[in-house]
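So you can see what is in the structure, the chains are spelled out below.
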Amino acid sequence: MNQKRLFLAVVFVVCLAAIGYGLYWVASHSVEEVVEPVAPSVDMSMQGVELTRSASDGSRWTLVAKSADYHQDEALVDVHAPTLTWERQNEEPITVTADEGRVNQESGEAEMWPNVVIVSGENTVYAKQLNYSDAKRELVLTKDVRIEREGMDLEAPRVRLDLTTNEITATGGVTAVLIDSKKSTAEE
Amino acid sequence: AEQGVKTTITSQKTVYDQSGSKVVFSGSVKVVRPDMTIWSDEMTVFLKPTDKKAVATPGPQAGAVSKIVAVGNVRLVREGKKGFCGKAVYNADESLVTMTVKPRLEDGDNSIAGKIIKLWLTDNRSEVVGGNEPVEAIFFTPKEGKK
Numbered sequence: 001m002n003q004k005r006l007f008l009a010v011v012f013v014v015c016l017a018a019i020g021y022g023l024y025w026v027a028s029h030s031v032e033e034v035v036e037p038v039a040p041s042v043d044m045s046m047q048g049v050e051l052t053r054s055a056s057d058g059s060r061w062t063l064v065a066k067s068a069d070y071h072q073d074e075a076l077v078d079v080h081a082p083t084l085t086w087e088r089q090n091e092e093p094i095t096v097t098a099d100e101g102r103v104n105q106e107s108g109e110a111e112m113w114p115n116v117v118i119v120s121g122e123n124t125v126y127a128k129q130l131n132y133s134d135a136k137r138e139l140v141l142t143k144d145v146r147i148e149r150e151g152m153d154l155e156a157p158r159v160r161l162d163l164t165t166n167e168i169t170a171t172g173g174v175t176a177v178l179i180d181s182k183k184s185t186a187e188e
Numbered sequence: 001a002e003q004g005v006k007t008t009i010t011s012q013k014t015v016y017d018q019s020g021s022k023v024v025f026s027g028s029v030k031v032v033r034p035d036m037t038i039w040s041d042e043m044t045v046f047l048k049p050t051d052k053k054a055v056a057t058p059g060p061q062a063g064a065v066s067k068i069v070a071v072g073n074v075r076l077v078r079e080g081k082k083g084f085c086g087k088a089v090y091n092a093d094e095s096l097v098t099m100t101v102k103p104r105l106e107d108g109d110n111s112i113a114g115k116i117i118k119l120w121l122t123d124n125r126s127e128v129v130g131g132n133e134p135v136e137a138i139f140f141t142p143k144e145g146k147k
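First to last, the sequence lines map onto chains A and B. The numbers in our numbering rise by one with no breaks, and the one at position 115 of the first sequence is 115. The numbers in our numbering rise by one with no breaks, and the one at position 64 of the second sequence is 64.
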């Protein structure tokens, strides 16, 4: 009789141990298994893009590009073959084209490079690099900057276009070639 | 079509007012033209508006320059003659340079000064105006017997 009781007791303990170990195993593994899913960084690629942004003074810039890559984390938009148009009341629009561009949607800054071409009224400006600041309301051009206007070519290493006063300031050593319609006396 | 005169201007800095058609050069300004070279501290070039119609129709090429105003330590050199003044204004249509603020012309050892000096570029003529002060001219004549 004792042997039977003993046997039952052993069986009971073994079962208890098994259940206990099972619970322990479930608890420890389940904690590791349930891992918070990391949201993948949102990288979007778009074709045929148009971005518009209006400023408080009623002016507006529109960015059209062949394609664009959007990096959500950095709030950056990389654009390919962009055309940036800056429309203002009572003023001729300014159009900027380049091979590549990048817009920082948070700071409102943009850069474009290379083969930058700006058409503004009678003037066409060429450069290898352009930086635009919404806050400073300026375009800064660097690297082989050239301004062409009928009868005048102007070259400088750095040119700033103030979008408020429309003034273009060239610094760092400027060379301008102008054509005067009068025949010079030296040539007579 | 009448060929335009090429004027090359160099400076440290330039401010160009797109709509006002004016370009201000400052810092060691130098202007080189086939007939004249000018140096000054600052120079403003007034541009003629580009006439879109004129561009489309044949005819003399619209020149860009209507007027140049040089200010501060102005120095001119033209066909060996030198000019000094505080201000010089070049009027493109009249081909006339008007020198004011102590203008003086030097040709070798000879010199002439007045209140206003006008240089007519086309017919190579100068005119000195004394105003309320006499014109001062200094001419050197070679000594007797010096061939």
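These are calculated hints, taken from the structure and not from any lab test. Hints should not be assumed to be uniformly reliable.
Covered stretches of chain B, as calculated for chain A (at least 3 residues, CB under 8 Å) [as the list claims (entries may be wrong)]:
{"id": "1", "stretch": "6–15"}
{"id": "2", "stretch": "37–48"}
Derived Cβ-Cβ restraints for the label pairs, each shown as a range [what the hints assert, rightly or not]:
{"id": "3", "chain 1": "A", "residue 1": "Asp134", "chain 2": "B", "residue 2": "Glu127", "range": "53 to 61 Å"}
{"id": "4", "chain 1": "B", "residue 1": "Lys81", "chain 2": "A", "residue 2": "Gly58", "range": "35 to 43 Å"}
{"id": "5", "chain 1": "B", "residue 1": "Thr37", "chain 2": "A", "residue 2": "Gly172", "range": "16 to 24 Å"}
{"id": "6", "chain 1": "B", "residue 1": "Lys67", "chain 2": "A", "residue 2": "Asp99", "range": "38 to 46 Å"}
Just so you know, even glycine gets a beta-carbon here, dropped at the ideal spot from N, CA and C.
> Going back to the hint list, which numbers does this structure go against?
Replying inline: 4
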